[in-house]
Amino acid sequence: MLTVLLKKWRTGLKKINMTKETFKRVDGRKLNELRPMTAKVGVVPNADGSAMFSFGNTIAIAAIYGPRKLHPQHMQNPATGILRCTYDLLSFSVADRKKPGPSRRSQEISKVTEWALLPAIDLKGFPNTVVDVQIYILQADAGTRTAGINAASLALAHAGIPMKDLICSVAVGKQDKNIVVDLTKEEEDFEEGEGATDFAIAKLANTDEFTLLQLDGKIQPELIKDVMKLASEASKEIYEVQKKALKEVVQK
Amino acid sequence: MKNKINEAHEAVEESSSSESLEHTKRIVVIPGEVIVSGEDFLPGEGARRDGENIVSNRFGLAEIAGRVAKVITISGAFVPRRGNVVIGRVTDITFHGWMIDIDSASSAFLPIEESPRFVSKEEMDQFLAIGDVIAAKIWSVKAKGIDLTLKGKGLGKLEGGFIFRVIPSRVPRVIGKEGSMVSLIKEKTGCNITIGQNGWIWVKGQDTDSEIRARRAIEFVADKVYVDGLTEKMEDWFEKN
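Order-wise, the sequence lines are chains F and W. Positions 7 to 258 (my numbering) are the ones given, in order, by the first sequence. Positions 4 to 244 (my numbering) are the ones given, in order, by the second sequence.
Hints are computed from structural coordinates only; laboratory data are not their basis. Keep in mind that a hint or two might mislead.
[Claimed, not checked] Have a look at the derived ranges for each label pair, beta carbon to beta carbon:
| no. | chain 1 | residue 1 | chain 2 | residue 2 | range |
| --- | --- | --- | --- | --- | --- |
| 1 | W | G41 | F | M81 | 42 to 48 Å |
| 2 | F | G131 | W | Q129 | 36 to 42 Å |
| 3 | F | G131 | W | E116 | 24 to 30 Å |
[To be verified] Covered by chain W, per the in silico footprint, the following chain F stretches (three or more residues, Cβ under 8 Å):
| no. | region |
| --- | --- |
| 4 | 73 to 81 |
| 5 | 133 to 147 |
| 6 | 158 to 165 |
Since we're looking at a predicted model, the values are computed, not measured. The C-beta atom is built at its ideal place from N, Cα and C for all residues, glycine as well.
Please construct the entire structure, taking both the sequences and the accompanying hints into account.
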């Protein structure tokens with residue numbers, strides 16, 4: 007009797023535990039499906055290079071100024087040019103008004119964006135100069151730093167900066183037991199199971215060099231390989247969008 | 004061995020008109036994209052070798068001239084090179100020469116010895132004062148800065164007329180093949196035009212109307228990135244405007 011009950015309880019448990027086949031994401035996407043992406047190059051006429059990139063409702067805009075003379079002078083490096091990133095949310099990009107000006111969060115993201123972009127670019131030809139990257143989020147629905155990195159990568163290419171490769175970036179998360187790509191805000195606030203897991207990843211488009219791995223939440227170490235594999239697959243789709251955007255700007 | 008550029012070029016040729024038969028093979032490449040594969044080719048400016056392939060290092064137009072594959076930038080800030088003619092503005096007078104703003108990352112210096120005639124150190128501001136606009140040639144580019152010279156044809160202080168700016172990467176378009184475009188604009192408007200590689204353009208004509216016409220013509224050309232037979236299109240433009 008007890009064993010039968012136990013068996014029933016176990017099968018019941020299995021039904022509750024959503025497996026890969028039955029799991030549905032909030033917006034009905036597949037586990038490895040990205041939100042619709044758009045990219046446009048040359049959106050800021052006054053900048054030396056610029057681009058817009060969006061994942062669904064998340065819209066990021068990036069503008070490049072330079073290479074130009076670096077002030078303050080003590081930051082100048084006679085061996086190479088430096089990269090300086092600024093990331094911020096615009097006041098109206100989130101549901102509650104964001105107080106304008108730098109915050110702890112925006113400074114952190116500026117810095118990780120800089121580190122994510124730096125391995126791809128080569129500023130040795132521009133000593134004592136700076137390349138300023140300004141990233142602003144027009145509309146935020148999770149994945150703003152990844153959209154920002156994608157936009158910045160396009161904008162850097164558009165500015166004619168020597169680059170080894172484009173950078174593709176995407177967030178991977180864990181919903182209960184499933185690894186899903188490109189989370190929305192609703193998914194990011196997922197509270198069942200272990201809670202929200204948000205893993206922002208950036209990599210070079212054509213090689214397996216990862217430039218950003220930023221984990222927020224919990225994940226099993228053995229799953230990280232799967233996460234990176236999923237991010238690599240998603241990067242290919244992002245790369246195609248970026249490639250198309252860059253080529254379009256010339257052929258118009 | 005697959006020759007990627009040929010395939011891509013054929014696609015471009017099909018989409019554009021038959022005018023493009025003459026020009027050199029050019030395709031749009033993005034950073035990290037394979038331009039051509041094979042051991043026979045050499046990486047030129049803006050390209051690198053990666054195993055079998057020649058890979059682009061920047062966004063631009065890839066061109067294969069003989070065995071060398073290079074990438075020409077089509078956007079971005081001005082990168083000074085030796086021999087470039089630039090237009091700049093005097094920002095400071097020092098003991099040895101003039102500091103010139105040429106709209107690039109490092110500042111430019113015009114030594115007093117590089118003026119076309121003798122200038123006394125006491126009367127430097129009588130030759131070039133702060134705010135004066137000059138056309139100068141880049142004589143050297145070093146990590147410390149850029150040196151300019153005024154010795155050469157067409158160089159010197161620019162007086163009258165007005166200056167405006169186009170995107171520096173579009174300057175070759177405005178000049179045209181062996182100066183064909185700029186001489187067409189000069190001929191049609193009767194204006195005197197000096198084009199700096201830094202994107203600054205000086206226009207001086209008989210009257211303001213012709214100057215404005217020249218400016219509009221130049222801006223029309225600078226707007227077009229990837230058009231074949233632009234000189235012919237420009238002739239049509241002058242008939243309409």
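These are the hints, each one checked on the structure:
1. W:G41 <-> F:M81: 42 to 48 Å: 43 Å, holds
2. F:G131 <-> W:Q129: 36 to 42 Å: Holds - the Cβ-Cβ distance for G131 (chain F) and Q129 (chain W), about 39 Å, lies within 36 to 42 Å.
3. F:G131 <-> W:E116: 24 to 30 Å: 29 Å, holds
4. 73 to 81: holds (count 3)
5. 133 to 147: holds (count 3)
6. 158 to 165: Holds: 3 residues of the region 158 to 165 of chain F have a Cβ under 8 Å from chain W.
Checked against the numbered hints given earlier, the structure satisfies every one of them.
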